[in-house]
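Line by line, the protein sequences are chains A and B. Residue numbering for the first sequence follows the numbering used here, beginning at 33 and increasing consecutively. Residue numbering for the second sequence follows the numbering used here, beginning at 54 and increasing consecutively.
Worth flagging that the hints you see were computed from the coordinates, not collected in a lab. Predicted model, so just to flag it, every value in this text is computed and none were measured. Virtual Cβ for every residue (Gly too), placed ideally from N, Cα, C. Some hints here could point you the wrong way.
Just a sample of chain B residues kept apart from chain A, beta carbon distances all over 10 Å, derived [as the list claims (entries may be wrong)]:
(1) E69
(2) Q98
(3) L99
(4) A106
(5) K165
Quick look at which bits of chain A chain B covers, simulated, 3 or more residues with Cβ under 8 Å [what the hints assert, rightly or not]:
(6) 47 to 61
(7) 135 to 142
Take a look at the letters that make up each chain.
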Amino acid sequence: SQTIHQWPATLVQPVGSPLSLECTVEGTSNPNLYWYRQAAGRGLQLLFYSVGIGQISSEVPQNLSASRPQDRQFILSSKKLLLSDSGFYLCAWDGRRNTIYFGEGSWLTVV
Amino acid sequence: GDSVTQMEGPVTLSEEAFLTINCTYTATGYPSLFWYVQYPGEGLQLLLKATKADDKGSNKGFEATYRKETTSFHLEKGSVQVSDSAVYFCALVPKDSNYQLIWGAGTKLIIKP
């Protein structure tokens, strides 16, 4: 069966520090992969999606970036975090019949 | 463009009450429709879905019917429990898309014992 994992689950980072969130999918090949952010009290915002290795589409201009070095690996990064980057980050992949499956989420607090 | 509108929360109910969370959409053609649930401190989980008009999705006592004539996909449950307290998201995937979901803002549900 397919599984998705992301880590770390929680992190507290100072302003200006770098960020790396990692996501891996198992049990499938060539999935579409997504990074979402959920700010406190708000809905979901699509940040990046990828249809293949090295193919990244950005939905929102910001100081975050994404990379897909391997077929089932998706990384969210930042060189310098801002306070406004705090939130709940979700990695996801899509399965059959247009269904999207989410990872456990990563809580980021920028202080 | 395509969009999803769901009722604002929080919605507060007593245990065993009947639940309705409204969701309406704007889209061309026949999108696929979804309800996702997010329990406190967790990621999102697919609750139910419907891929064509008049389909009824159901899971864990929740139901939603794809109504093309009213462009709606309201979530219902006959008797809610405290464990149903969560944030519920309505979403759609446009007919000709690469699976990019369009999300509603979410509705927080609070069930009191």
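For each hint, the structure was consulted:
Every Cβ of chain A is farther than 10 Å from the Cβ of E69(B); the closest lies at roughly 28 Å, confirming the non-interface assignment. Remark: the non-interface label on Q98(B) conflicts with the geometry, its nearest Cβ contact in chain A lying 7 Å away (cut-off 10 Å). Under the 10 Å C-beta cut-off, the non-interface status given to L99(B) relative to chain A is violated; the minimum distance is some 6 Å. The beta carbon of A106(B) sits about 15 Å from the closest Cβ of chain A, which is more than 10 Å, so the claim that it is off the interface holds.
Distance to chain A confirms K165(B) as a non-interface residue, since its nearest Cβ pair spans about 21 Å, more than 10 Å. Here's how the stretch 47 to 61 of chain A fares: 0 of its residues keep a CB closer than 8 Å to some CB of chain B, so the rule of at least three is not met and the hint is violated. Judged by the Cβ-Cβ criterion of 8 Å, the stretch 135 to 142 of chain A is covered by chain B as claimed, because 3 of its residues qualify and three suffice.
In terms of the numbered hints stated before, the structure departs from hints 2, 3 and 6, listed from lowest to highest.
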